[in-house]
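Let's have the full structure, built from the sequences with the hints guiding it.
Number of protein chains: 2
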Amino acid sequence: MEVTNKYIVIKHHIEDSPKESHFEVKTEAIGLSLKPGSDEVIIKNLYISIDPYLINRMKSYSASHNAISFATPLTPGQAIDALVIGRVVTSGNAKFEKDDLVMGVFTWAEYSVVKEQSIIKKLESFEFPLTYHLGILGFSGLSAYGGFFEICKPRKGETVFVSAASGSVGNIVGQYAKLLGCYVVGCAGSQKKVTLLKEELGFDDAFNYKEETDLNSTLKRYFPDGIDIYFDNVGGEMLEAAVANMKAFGRVSVCGVISEYTDIGKRASPNMMDVVYKRITIRGFLAADYMNVFGDFSAKTLDYLRNGQLRVIEDRSLGVESIPSAFVGLFNGDNVGKKVVVLADE
Amino acid sequence: MEVTNKYIVIKHHIEDSPKESHFEVKTEAIGLSLKPGSDEVIIKNLYISIDPYLINRMKSYSASHNAISFATPLTPGQAIDALVIGRVVTSGNAKFEKDDLVMGVFTWAEYSVVKEQSIIKKLESFEFPLTYHLGILGFSGLSAYGGFFEICKPRKGETVFVSAASGSVGNIVGQYAKLLGCYVVGCAGSQKKVTLLKEELGFDDAFNYKEETDLNSTLKRYFPDGIDIYFDNVGGEMLEAAVANMKAFGRVSVCGVISEYTDIGKRASPNMMDVVYKRITIRGFLAADYMNVFGDFSAKTLDYLRNGQLRVIEDRSLGVESIPSAFVGLFNGDNVGKKVVVLADE
Chain A
1 MEVTNKYIVI
11 KHHIEDSPKE
21 SHFEVKTEAI
31 GLSLKPGSDE
41 VIIKNLYISI
51 DPYLINRMKS
61 YSASHNAISF
71 ATPLTPGQAI
81 DALVIGRVVT
91 SGNAKFEKDD
101 LVMGVFTWAE
111 YSVVKEQSII
121 KKLESFEFPL
131 TYHLGILGFS
141 GLSAYGGFFE
151 ICKPRKGETV
161 FVSAASGSVG
171 NIVGQYAKLL
181 GCYVVGCAGS
191 QKKVTLLKEE
201 LGFDDAFNYK
211 EETDLNSTLK
221 RYFPDGIDIY
231 FDNVGGEMLE
241 AAVANMKAFG
251 RVSVCGVISE
261 YTDIGKRASP
271 NMMDVVYKRI
281 TIRGFLAADY
291 MNVFGDFSAK
301 TLDYLRNGQL
311 RVIEDRSLGV
321 ESIPSAFVGL
331 FNGDNVGKKV
341 VVLADE
Chain B
1 MEVTNKYIVI
11 KHHIEDSPKE
21 SHFEVKTEAI
31 GLSLKPGSDE
41 VIIKNLYISI
51 DPYLINRMKS
61 YSASHNAISF
71 ATPLTPGQAI
81 DALVIGRVVT
91 SGNAKFEKDD
101 LVMGVFTWAE
111 YSVVKEQSII
121 KKLESFEFPL
131 TYHLGILGFS
141 GLSAYGGFFE
151 ICKPRKGETV
161 FVSAASGSVG
171 NIVGQYAKLL
181 GCYVVGCAGS
191 QKKVTLLKEE
201 LGFDDAFNYK
211 EETDLNSTLK
221 RYFPDGIDIY
231 FDNVGGEMLE
241 AAVANMKAFG
251 RVSVCGVISE
261 YTDIGKRASP
271 NMMDVVYKRI
281 TIRGFLAADY
291 MNVFGDFSAK
301 TLDYLRNGQL
311 RVIEDRSLGV
321 ESIPSAFVGL
331 FNGDNVGKKV
341 VVLADE
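Residue numbers (full-length UniProt numbering), protein chains in the order written: chain A, 1 to 346; chain B, 1 to 346.
Incorrect hints may have been included.
Only part of the chain B face toward chain A is listed, based on derived beta-carbon distances under 8 Å [said to hold, decoys possible]:
1) Asn56
2) Ser62
3) Ala67
4) Ala71
5) Leu74
6) Val254
7) Gly256
8) Val257
9) Glu260
10) Ser269
11) Asn271
12) Asp274
13) Tyr277
14) Ile280
15) Thr281
16) Leu286
Hints listed in this document are in silico derivations from the structure and should not be mistaken for laboratory results.
The beta carbon of each residue, even a glycine, is placed where N, CA and C say it ideally should be.
If you want it as C-alpha cells, here you go:
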C-alpha cells in the first residue's frame, strides 16, 4: 500500500524573523510496507511539538550549530526533524509492533520512516492527553524543572520573575515557584495572557511588557525589594532590566533568548557592574542536561497533576499544513502555553 | 605635638576616565595626642593599596553604590577611605599600642584618625614585605583564590584565559592555574607585560590585546579547542570574544570590568545563544565573599611563596602626592602587578 505523505521544508535558510512564505508543503509517495531485512519503522505522526529553538537550526550560521548534536543546521528542501508522538504503522524492528505509540525525533510530516535510534520511548495511554509528553511531562516541563530547581536553587519566600510566562516553559516555572511558596511575577505580551497568569495560574502578579516604556522601572514597581530569581526566556532588554533589579546573590537561569534569535541587534548588554557587585550568577542550560533528574521531575509533576495542583496550557493547531503558521506564531506571541500540531486522532 | 597631614580628595564626582586634575592634595593640622576619654587611634600610614574599584565610588551614580557597605559613594572634598597598612602613633583604645603595625580601612593620607572598627587586624613583621598583606596575601590574592577555585572549580588540564593578566589579581590567577596544571593564556596591554607573563610568571602563552584587531579570532588562535575558564577583569569586547570561544560548560568568573567602569558604551553584549547552548555560567563575585576560605587561601599561598612557587609583582610609587597618578595609571595600564603607594619606611 502506498500513501501520499505531506511534509514541511524550509525553502532557504531563514536569517531573521520566520514567515510562512519561507516554508513549503511538499508531497511524496511512500510505501507502507518495508523491504525484507529492513530494520526501519514507519510511523503515522499524531502530535508534533512546535519549539522556538528550531529557528536557530534554520539559519545558515548560528553559534548553536556546533554546540550540541541536536542543534545541527537544517537543509532547505529536506524534511525537518522535531519531537513527535506517533503510532507505528509498520515495523522492521523487533522492539516495535504495529499500533505501538512512540515518541521520538521524527519529522514535520504526516508519516516518518525512522531507525530505532530516533525513537525515544514507547508510550502507554494514561489518564492525561498523550500530548502532555511533549509539554508538561516532556522537555517543556523538564526545562522548567531543571532550570528552576537545579540552577536557581530556589527557597520558599524568594521573589521570582518569569518572562514569556504564558509560554510552554514559563507557565510551568511560575506554577512550580508558587507551589514552593515563592512570590512570582510574570510578563507576557497581551492582556489576555496577563489575565491567564493571574487568574488561572496563580501568579502573584503579571504585566504586559508591550504596555511598558521603561522595563527597569516596571520591574522596580513589581519587585521593590529586588528579584532573587529571574527565569529568562527572552533575553534582550528584559534581561538587562532584570539584572538591574536583581538582589545580591541573585540567579538568572537562561532557558532561551527568543528576542535575540531573530534580531542580533536586540542582544542584551547587562550591566556587569551589577553582576560583580551583586554577585549575580547567569547560567544557560538545556533540558537535555537534566535527564539525570527526569525520574524525580516526572514523579513530582505527575503527582501535582493528579492532585490538580498544576494547570496545563496547550495551544493546538490542526493538520500538517498548519505547521508553518504554528511555528511562525511562536515569534509573534500567538501561542498560549505549549504549541502542538495535531495531525490525526489516536 | 601637631603635624601637617596631607590627604587626597576628589574635587568633584568623576563620571568617566579619571584624570590627575580631578584630585587635590589638601593639608590639615592634626594633633598627635588624644583627648582624655577618646577611644580613637592615630595612625601614620605606611602603605596604601591602590584599587580600580574606587572609581565606582567616585561617580555621582553607580549601580555599585547600594550593593554593599564598602561601595558607598565618596564625597568631594572629603578624605578617601582605602585599604592601608600603618603604624600606631597614639592609641586611646586598649587593644592597640603605640608602634603596633595595623591594616585597615584608613584614608589616602599621611595620617588617619580612626575608630577600632576601621582596623582589620594587627600585623607582625615576617619574612616578606608587609605590602604582601595588601596584595598577594590580601584582597588581591583572595580575589584570585575565591574567583578561580571557588567559582570556577578548575580541574587539571583545563584551559584558562585571564584578562588584565599582569594586573594585581590576574597575575595571581594565572600562577594558581599553572600550579594546578591548567593551560593558561593571558592578555595584557604591552609587549613588556606579555614578556613578563610568558618568561617570568610561567603562562603558557600571552598576547597584547592592543595589537589585535579581531579578538574573537585571536582567542580562537590561542584556544583552538575552546576555553574552559575565563577570569574576567575587563568586561567589554574581551568578554564577548571569550564567551564566543568558551567550551560547553565553560565558566566565567567576573572579578571586575575595568573597561566598562569609565565608559558604559563599552558594555559587553555576550551572545546569550552561546550561553544557552554551551551552558555557560557567568558569575560575579567580591573577595569579601570568600572570608570563609581565608585560612586555606592564606596557608596555601604562604606555602607557595616559601617554596618559591609564586612570583610577586608589585608596582610602587612614593609619597602621598603620587596617589592620584598611581590611581589614574590603573586605567591607562601603567601598573604591573599590585599597585602600592609607599608613604614612609616601616
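Query raised in the report: For the hint on isoleucine 280/B, does the least C-beta distance to chain A fall short of 8 Å?
Result: holds (5 Å)
Query - When the least beta-carbon distance from leucine 286/B to chain A is tested against 8 Å, hint result - result: holds (6 Å)
Query raised in the report: Do the numbers back the hint for leucine 74/B, that is, is its least Cβ distance to chain A under 8 Å?
Result: violated (16 Å)
Query raised in the report: Does threonine 281/B pass the interface check with chain A, least Cβ-Cβ distance below 8 Å?
Result: holds (4 Å)
Report task. Using 8 Å as the Cβ threshold, decide whether valine 257/B counts as touching chain A. Result -> Nearest chain A Cβ about 4 Å off; hint holds.
Query - Interface hint compliance - glycine 256/B to chain A, C-beta minimum distance less than 8 Å - result: Status holds, d = 6 Å.
Query raised in the report: Hint check: is the beta carbon of glutamate 260/B less than 8 Å from a beta carbon of chain A?
Result: holds (6 Å)
Query raised in the report: With 8 Å as the cut and Cβ atoms as the points, is asparagine 271/B at the interface with chain A?
Result: holds (5 Å)
Query raised in the report: Can serine 62/B be said to touch chain A, with a Cβ gap under 8 Å?
Result: holds (7 Å)
Query raised in the report: Given tyrosine 277/B was flagged as interface, is its beta-carbon under 8 Å from a beta-carbon of chain A?
Result: Since chain A brings a Cβ to about 4 Å from tyrosine 277/B, closer than 8 Å, the hint holds.
Query raised in the report: Holds or violated: is there a CB of chain A closer than 8 Å to the CB of alanine 67/B?
Result: holds (4 Å)
Query - Evaluation of the interface hint that places aspartate 274/B against chain A, nearest CB under 8 Å - result: holds (5 Å)
Hint 5 from the list above is the single one not met by this structure.
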